[in-house]
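Colleague: Spelled out from the first residue to the last, the chains are:
2 protein chains.
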Amino acid sequence: MPSVSPSLSAAMSDAANSVTETMQRILPKSDFAEQKLFEAMRYGVLNGGKRLRPFLVLSTAELFGVDEDCALRAAAALECVHCYSLIHDDLPAMDDSELRRGKATAHIEYDEATAILAGDALLTIAFEILADSKTHDDPNVRCALVSCLAKASGANGMVGGQMLDLIAETTQFDIGAITRLQRMKTGELIACGTEMGGLLGKASPQHLASLRAYAHDLGLAFQIIDDLLDAEGTSAETGKPVGRDEKAGKATFVTILGHDRARQQAKLLSEQAIQHLSIFSGRAKNLEDVARFVVDRKA
Amino acid sequence: MPSVSPSLSAAMSDAANSVTETMQRILPKSDFAEQKLFEAMRYGVLNGGKRLRPFLVLSTAELFGVDEDCALRAAAALECVHCYSLIHDDLPAMDDSELRRGKATAHIEYDEATAILAGDALLTIAFEILADSKTHDDPNVRCALVSCLAKASGANGMVGGQMLDLIAETTQFDIGAITRLQRMKTGELIACGTEMGGLLGKASPQHLASLRAYAHDLGLAFQIIDDLLDAEGTSAETGKPVGRDEKAGKATFVTILGHDRARQQAKLLSEQAIQHLSIFSGRAKNLEDVARFVVDRKA
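Line order of the protein sequences matches chains A and B.
Following the working numbering, the numbering of the first sequence begins with 26 at its first residue and continues without gaps.
Following the working numbering, the numbering of the second sequence begins with 26 at its first residue and continues without gaps.
Isolated chain A (complex conformation) (with noise of 0.2 Å):
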């Protein structure tokens, strides 16, 4: 049995392609002098990943009948936030990886400086992104939709979660402690891609109630795999150096629960999130689909 359904495979490289084009798009160009900041921008987010976050945000809006160019404005912004934290946690200050994705980290590739510096302009582009008109004809929508972004990035989401995760290499968290790291960490951006997609098409509170729930099961069982690809896969198959977690000794959902454990949980996580949409009578296909594909996936 093929770990992806081909219907979700081809949909998400569809996405993929189109997030792209629209990140290529927007993203600026210069002859000026400053043109290595823009080509380090680029580097980061032309990175061939799997456009997780922005499939979230098509796909959700696709339920609510959103015009697919606003819908990649937002995915691309969302997808900007995420490629320049990688940008900033690859540093030597933070994680010290040279390798993302079988490829040269930015500050290799470029320096540090530039990565910096294309770390930061893409977590400001994101913003300028979603307050454009061309992004959604309501204000109140795209001021609902840099709130939501902001929020899952910042110091009580994502930048926060970062923080936990450099204060885990040297304490001892439980598995409470772990778990609200991971929300923080990765679960908040994630769940922000779903609540995008429905504040762009005007979602009722519970619609948006369900997404979310969806959307932090979905988050949790995909960082479990995360842990587990980290202590069971080869880089060749990650892009990534692999055993790090462990090699640190820092505590991980593999760590306290065991591998068996770890898989069970996130299976369970999977069909839980699944069982959110339920809200959304079949309609949801590629959400489901994702779920499904956050507990198979090799990489």
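Just so you know, not all the hints are guaranteed correct.
Because identical chains share one entry, a pair is satisfied inside a single copy or across any pair of copies.
With a Cα cut of at most 20 Å, we get these calculated SDA-like pairs of lysine to any residue [claimed, not checked]:
| no. | residue 1 | residue 2 |
| --- | --- | --- |
| 1 | K176 | R50 |
| 2 | K128 | E87 |
| 3 | K323 | F89 |
| 4 | K323 | L124 |
| 5 | K128 | F63 |
| 6 | K176 | T196 |
| 7 | K61 | E194 |
| 8 | K323 | L293 |
| 9 | K227 | N165 |
| 10 | K61 | T195 |
| 11 | K54 | I192 |
| 12 | K54 | A202 |
| 13 | K61 | F198 |
| 14 | K61 | R208 |
| 15 | K176 | R67 |
| 16 | K227 | S158 |
| 17 | K310 | D92 |
| 18 | K227 | D163 |
| 19 | K61 | T196 |
| 20 | K176 | P164 |
| 21 | K292 | L254 |
| 22 | K176 | D157 |
| 23 | K227 | D157 |
| 24 | K61 | Q197 |
| 25 | K227 | P164 |
| 26 | K61 | A202 |
| 27 | K176 | I51 |
Hints listed in this document are in silico derivations from the structure and should not be mistaken for laboratory results.
Chain A is fixed; fit chain B onto it per the hints.
Modeller: Relative to the frame of chain A, chain B by itself:
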């Protein structure tokens, strides 16, 4: 003759206190492990700066009768961006500064990773503040504020200017390139101060254009004086290391124009800035005084 009029000095100090108070109130607190991040964010903003940019927001907003709490929130957002940029600029990979306004820089006081993340979080929260309905009733205004700040601080503004500044260390820039660099690096964010004040007050296009022209002249005058202070001042006066540009062999307004012409040029720009305010028929007293202040300041 005192270099700053007593009334401007009092007004600037009042504004600085109010903005600092507002940032204190808005910035997140935590009892969890990530509190180190929140402390570093506060450390980065509570640095006793002149709060020039917030003062421009407040003084401009006042011209249009904007509610003070709204103006203070916008001013706080702008200052968060300014302070994030200082934290990142001071990093070892960038300017490698250990001292800022007589105090240890963020990466010295904490560590490099925390400083990077605190900067990221300050940039992010700025947009969260602006998108919040407490900043303005009208979502169109909030979107315009987000847009204005993102453009001024992004790849075509401050971050692009930072990149140029790094390139200027190894490439000889002429006066045109230096002017463009400085307009991007500091000018855009200063102009953003008056523009945000105008946007909050739904200023007419003519008023906005005059404010922009004022701020661009002001920003350039400000930077020329900065270069002069770096070349002439002492560390005790300016609270940061001096003479660095000359040592680095970097072209500045002072190395290209010489001290006297640089000072003349700054004065000319200051007078020109004040002329752009004639549209306000003398009501823009604070803004006029600021234009005099930036060329007379000693730090």
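Colleague: Looking at the structure, which of the earlier hints fail to hold?
Modeller: Going through the list in order, the structure violates hints 2, 3, 6 and respects the others.
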